[in-house]
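All chains, please: the whole structure from these sequences, using the hints.
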Amino acid sequence: MSLLTCKQFLQELNDYLDPSIDPETKRHLESHVSACPNCFVVVDTTMKTLKVYKGMEPQEVPEDLKNRLWAAVERKMAAKKKKVQT
Amino acid sequence: MSTTPTTFDEAALVAKSQAGDGAAFSELVNRYQNKIYRLAKHITQNDEDAEDVLQEAFLKAYEHLDGFQGNSKFYTWIVRIAVNEALMKLRKRRGDRTVPLDEPLDTGEETVKREIAVWEDNPEQQYSQEEMRGILDEAVQSLKPDFRTVFVLRDIEELSTEETAETLGISVPAVKSRLLRARLALREKLTRKFKRKGEDVFANL
Numbered sequence: 000m001s002l003l004t005c006k007q008f009l010q011e012l013n014d015y016l017d018p019s020i021d022p023e024t025k026r027h028l029e030s031h032v033s034a035c036p037n038c039f040v041v042v043d044t045t046m047k048t049l050k051v052y053k054g055m056e057p058q059e060v061p062e063d064l065k066n067r068l069w070a071a072v073e074r075k076m077a078a079k080k081k082k083v084q085t
Numbered sequence: 000m001s002t003t004p005t006t007f008d009e010a011a012l013v014a015k016s017q018a019g020d021g022a023a024f025s026e027l028v029n030r031y032q033n034k035i036y037r038l039a040k041h042i043t044q045n046d047e048d049a050e051d052v053l054q055e056a057f058l059k060a061y062e063h064l065d066g067f068q069g070n071s072k073f074y075t076w077i078v079r080i081a082v083n084e085a086l087m088k089l090r091k092r093r094g095d096r097t098v099p100l101d102e103p104l105d106t107g108e109e110t111v112k113r114e115i116a117v118w119e120d121n122p123e124q125q126y127s128q129e130e131m132r133g134i135l136d137e138a139v140q141s142l143k144p145d146f147r148t149v150f151v152l153r154d155i156e157e158l159s160t161e162e163t164a165e166t167l168g169i170s171v172p173a174v175k176s177r178l179l180r181a182r183l184a185l186r187e188k189l190t191r192k193f194k195r196k197g198e199d200v201f202a203n204l
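In order, the protein sequence lines correspond to chains Z and P. The first sequence runs 0 to 85 under numbering that gives the first Met the number 0. The second sequence runs 0 to 204 under numbering that gives the first Met the number 0.
Hints are computed from structural coordinates only; laboratory data are not their basis. You may find that some hints are simply not true.
DSS-like mimics (lysine-lysine), calculated; alpha carbons at most 27 Å apart, straight line [stated by the list, open to error]:
(1) Z:Lys75 x P:Lys72
(2) Z:Lys65 x P:Lys194
(3) P:Lys34 x Z:Lys75
(4) Z:Lys82 x P:Lys59
(5) Z:Lys6 x P:Lys175
(6) P:Lys91 x Z:Lys65
(7) P:Lys196 x P:Lys34
(8) Z:Lys25 x Z:Lys53
(9) P:Lys192 x Z:Lys6
(10) P:Lys15 x Z:Lys65
(11) Z:Lys47 x P:Lys196
(12) Z:Lys65 x Z:Lys47
(13) Z:Lys53 x P:Lys194
(14) Z:Lys50 x P:Lys188
(15) Z:Lys82 x P:Lys15
(16) Z:Lys50 x Z:Lys6
(17) P:Lys143 x P:Lys192
(18) Z:Lys65 x Z:Lys53
(19) Z:Lys50 x P:Lys34
(20) P:Lys15 x Z:Lys53
(21) P:Lys175 x Z:Lys53
(22) Z:Lys6 x P:Lys188
(23) Z:Lys50 x P:Lys72
(24) P:Lys143 x P:Lys194
Derived, one-sided and incomplete: chain Z residues facing chain P with beta-carbon distance under 10 Å [claimed, not checked]:
(25) Leu9
(26) Asp21
(27) Thr24
(28) His27
(29) Glu73
Virtual Cβ for every residue (Gly too), placed ideally from N, Cα, C.
Here is the structure:
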């Protein structure tokens, strides 16, 4: 297989970052990364980008909003019960 | 006891909820409300809409609980409901302009000549959690809705490519190309924030 250009490599970046990629494709893409400092940095910083997003816990829903949500659910539950009874 | 939630106890909670156990449904709400709210905020970018989406998602889930088959995870199911609600809000706000479905992937030379710089070690330790959240949210918000939505579903909510395609009603190749664009755009934005100072050595290569 011929060597990839940066443009070709970047189009395959998602595959490269996908853990389920087949070993042969991985090796082919790897040969570009190991020879290209720019793409090496892009890979590294893209992986870090994904890591910071995945590591971010969601913020708690504000208490008053939680209460309004639960009140709405309870109204729905009561309505459903009533429907079942009649 | 603080074990991680498993698919098994989620299924048990759903079964109990279907049998009319309000406490079990309350547990499902507690478990997922933060993530659904985050998702709603990311897509709608509007607090009021996000609250509506949060409520509608759980109300619809409750209403259609009997129809939930259990062949997908409850979480994936409610994410799908929430995304649909959020997209409706978004379209409404944008004055009903329809979202173009399959935009071609543009990876021209501009993609290659982007900001290339190594990051500071552990940037997450240099900012408070609040500051970090602000930086990450702002970057996501700068993406166009089509790209933002795919990124949020794939990389934040961790849906599979196929689940994302199904949820958004777009093709698998469209999910892949939008995800690539979104990831590269975010990488670039975060690089501007997190790059190691005075060491932009690769920029001119």
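| query | Against which earlier hints does the structure fall short, listed by number upward? | reply | As far as the earlier hints go, 2, 7, 12, 20, 26, 27 and 28 are violated by this structure, in ascending order.
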